[in-house]
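Listed here are the chains, written in short residue letters.
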Amino acid sequence: GAVVSQHPSWVICKSGTSVKIECRSLDFQATTMFWYRQFPKQSLMLMATSNEGSKATYEQGVEKDKFLINHASLTLSTLTVTSAHPEDSSFYICSAYTPPGTQYFGPGTRLTVL
Amino acid sequence: QKEVEQNSGPLSVPEGAIASLNCTYSDRGSQSFFWYRQYSGKSPELIMFIYSNGDKEDGRFTAQLNKASQYVSLLIRDSQPSDSATYLCAAMEYGNKLVFGAGTILRVKS
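Those protein sequence lines, which keep their order, are chains W and V.
My numbering applies: residue 190 is where the first sequence begins, and numbers increase by one.
My numbering applies: residue 199 is where the second sequence begins, and numbers increase by one.
Calculated directly from the structure, the hints in this document are not laboratory data.
This structure is a prediction, so every number in the text was calculated from the model and none was measured.
It is possible that part of the hints are untrue.
[What the hints assert, rightly or not] Which residues of chain W face chain V? A few of them, derived with a C-beta cut under 8 Å, are:
no., residue
1, His-196
2, Trp-199
3, Phe-217
4, Thr-221
5, Leu-265
6, Thr-267
7, Ile-282
8, Gly-290
9, Thr-291
10, Pro-296
11, Gly-297
[To be verified] Which bits of chain V does chain W cover? Going by a derived footprint, with three or more residues having C-beta under 8 Å, they are:
no., stretch
12, 215 to 227
13, 266 to 273
Using N, Cα and C, we set each Cβ at its ideal position, and we do this for glycine too.
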C-alpha cells in the first residue's frame with residue numbers, strides 16, 4: 190500500500206521559534222498533498238492543499254504567512270510553522286493524494302510550543 | 199457549508215458482534231466516500247472507500263452507500279477489542295479535499 194512518512198514525529202520548541210515538518214510519499218508520486226491539524230478530541234481540520242510546483246491553497250481562517258507550505262517535488266511537501274506560539278500546539282498530519290481519489294495519511298507530528 | 203455528520207458515540211458492542219457505524223452527508227454532489235480508523239494519538243488509517251450505491255465488502259468490513267438518502271455506513275463483523283477506535287467518515291469534494299465527520303468512538307468489550 191501507499192506509504193507516507195512525516196518528520197519529525199514530535200517536536201518541542203520555545204515560543205517565537207519556527208518549526209519545519211516534512212511529509213514524504215515513499216512509494217508513489219503525489220501531485221497533491223494536504224495538511225491537517227487536529228486538536229485533542231476533535232476531528233481533523235484541513236489547513237491547506239499543496240500542489241507540486243504551485244502555491245498552496247489555504248482554507249479560510251488559516252494564516253498563510255504563519256503556516257508556510259512548500260511542495261517542491263512530487264514526493265515532498267513541507268509545512269513551516271513560523272513564530273510558533275503555545276496556541277499552535279497541536280497534532281499536524283499530512284496526507285498524499287493518489288488517483289482515483291484516495292488520501293493516505295502520514296503518522297503525524299505532535300508539536301508542543303512552550 | 200458541506201457537512202458530514204456522525205454520532206459521536208461511544209458505541210459499545212460485545213466482542214464477536216456486528217458494529218454498525220453511520221454517517222450522513224449534506225452535499226448531494228459528493229461521489230466518493232471514505233472510512234478511516236484512528237487510534238488515540240495516531241493518524242487516520244484508511245479502511246475502505248466506496249463510490250457506487252450498494253455494498254462493498256473487504257474482509258470483516260462492509261461499506262454501504264445510499265446516495266438517494268445521502269447515507270453511508272460501515273459494518274464491522276466479528277468485532278474485536280482491537281477494533282476499538284474512532285471511526286471517521288469522509289466525503290470527497292471539489293479539489294479532492296475530504297470533508298470529515300467528527301468521528302464515532304467504538305468500544306468493543308471482551
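*Hint by hint, which ones does this structure get wrong, listed from lowest number up?*
1, 2, 3, 5, 6, 12 and 13
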